[in-house]
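Okay, so the sequence shown: first residue is -4 according to my numbering, each after it adds one.
Treat the hints loosely; a few may be bogus.
Simulated pairs of lysine-lysine, DSSO-like, Cα-Cα distance not exceeding 30 Å [as the list claims (entries may be wrong)]:
no.: 1; residue 1: K124; residue 2: K101
no.: 2; residue 1: K70; residue 2: K83
no.: 3; residue 1: K73; residue 2: K14
no.: 4; residue 1: K124; residue 2: K98
no.: 5; residue 1: K60; residue 2: K28
no.: 6; residue 1: K45; residue 2: K70
no.: 7; residue 1: K98; residue 2: K73
no.: 8; residue 1: K14; residue 2: K28
no.: 9; residue 1: K4; residue 2: K14
no.: 10; residue 1: K28; residue 2: K58
no.: 11; residue 1: K89; residue 2: K14
no.: 12; residue 1: K116; residue 2: K89
no.: 13; residue 1: K28; residue 2: K116
no.: 14; residue 1: K60; residue 2: K101
no.: 15; residue 1: K98; residue 2: K60
no.: 16; residue 1: K45; residue 2: K28
no.: 17; residue 1: K83; residue 2: K73
no.: 18; residue 1: K28; residue 2: K42
no.: 19; residue 1: K70; residue 2: K58
no.: 20; residue 1: K98; residue 2: K70
no.: 21; residue 1: K32; residue 2: K14
no.: 22; residue 1: K58; residue 2: K45
Label-pair restraints from in silico Cβ distances [stated by the list, open to error]:
no.: 23; residue 1: G12; residue 2: G68; range: 38 to 46 Å
no.: 24; residue 1: H118; residue 2: K88; range: 19 to 27 Å
no.: 25; residue 1: C21; residue 2: I93; range: 33 to 41 Å
In short, the hints are calculated from the structure, not lab data. Where a beta carbon is used, it is the ideal one built from N, C-alpha and C, also for glycine.
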Amino acid sequence: ACTLSGRLKTHLLTHTGEKPFKCQVCNYAGTSKGNLKEHLLIHTEEKPFKCTVCEYAGRTSWKLKCHFLSHTGEKPYKCSLCDCAYSKSGSLKKHLLIHTQPKTIKCTICDYVCTESGSLKKHMLIHPKQKLFKCA
């Protein structure tokens, strides 16, 4: 009989969609005991991973590691298309949209274009003397 390693069994579940590890408190289901154990911390509100620099506490070691980068200034997530770098992978993913999404949001005062309204709001600060709205 062939036996698969635990890691391979867990990986194969990502292909089948099967989630055999069920939470007894809510409808969460996961592919590993580890995922379920991490999830259960939500219900207990336990945050066992404490920052040694500030009051931050997290549910997982990787969240603490990501948080700690805010103290060191380290930015390991680098954009391959420009010189930008980030301390969190999610920030890099959001940044990459700048390079891939069409720039459909336009400034009404100059030729500036961007991909999201938040960027336009920041940009508008360079036009403080301009009237941004016309009277009806």
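Hint-by-hint comparison with the structure:
1. Restraint check: the Cα-Cα separation between K124 and K101 comes to about 18 Å, which is no more than 30 Å; the hinted pair holds.
2. Distance restraint check for K70 and K83: the Cα-Cα separation of roughly 8 Å lies within the 30 Å cut-off, and the hinted pair is therefore satisfied.
3. Among the hinted pairs, K73 with K14 is inconsistent with the structure: their alpha-carbon atoms are about 33 Å apart, more than 30 Å.
4. Proposed proximity of K124 and K98 is supported: the alpha carbons are some 25 Å apart, at most 30 Å.
5. For the hint linking K60 to K28, the alpha-carbon distance of about 22 Å falls within 30 Å, and the restraint holds.
6. Simply put, K45 and K70 have alpha-carbon atoms about 21 Å apart, close enough for the 30 Å limit, and the pair holds.
7. Of the supplied pair hints, the one linking K98 and K73 holds, its CA atoms being roughly 22 Å apart against a limit of 30 Å.
8. A hinted pair counts as satisfied when its Cα atoms are at most 30 Å apart, and K14 with K28 qualifies at roughly 10 Å.
9. The hinted pair formed by K4 and K14 meets the criterion: a straight-line CA distance of about 12 Å does not exceed 30 Å.
10. Under the criterion of a C-alpha separation no larger than 30 Å, the hint pairing K28 with K58 is consistent with the structure, at around 19 Å.
11. For the given pair, K89 sits about 29 Å from K14 by alpha-carbon distance, which is consistent with the 30 Å threshold.
12. Proposed proximity of K116 and K89 is supported: the alpha carbons are some 17 Å apart, at most 30 Å.
13. A distance of roughly 45 Å separates the Cα atoms of K28 and K116; the hinted pair therefore is violated under the 30 Å criterion.
14. Distance restraint check for K60 and K101: the Cα-Cα separation of roughly 38 Å exceeds the 30 Å cut-off, and the hinted pair is therefore not satisfied.
15. A C-alpha spacing of about 34 Å is found between K98 and K60, which places the hinted pair above 30 Å, so the restraint is violated.
16. Between K45 and K28 the alpha-carbon distance is near 23 Å, which keeps this suggested pair within the 30 Å criterion.
17. Proximity of K83 to K73 is assessed by CA-CA distance (about 10 Å); at most 30 Å being required, the pair is judged to hold.
18. Among the hinted pairs, K28 with K42 is consistent with the structure: their alpha-carbon atoms are about 18 Å apart, no more than 30 Å.
19. A hinted pair counts as satisfied when its Cα atoms are at most 30 Å apart, and K70 with K58 qualifies at roughly 15 Å.
20. Between K98 and K70 the alpha-carbon distance is near 26 Å, which keeps this suggested pair within the 30 Å criterion.
21. Proximity of K32 to K14 is assessed by CA-CA distance (about 14 Å); at most 30 Å being required, the pair is judged to hold.
22. Of the supplied pair hints, the one linking K58 and K45 holds, its CA atoms being roughly 10 Å apart against a limit of 30 Å.
23. Restraint check, G12 to G68: a C-beta distance of roughly 40 Å satisfies the suggested window 38 to 46 Å.
24. Judged by the Cβ atoms, the range 19 to 27 Å given for H118 and K88 holds: they are separated by roughly 22 Å.
25. Separation of C21 from I93 is about 37 Å and conforms to the stated range, judged on CB atoms against 33 to 41 Å.
When each numbered hint is compared with the structure, violations occur for hints 3, 13, 14 and 15.
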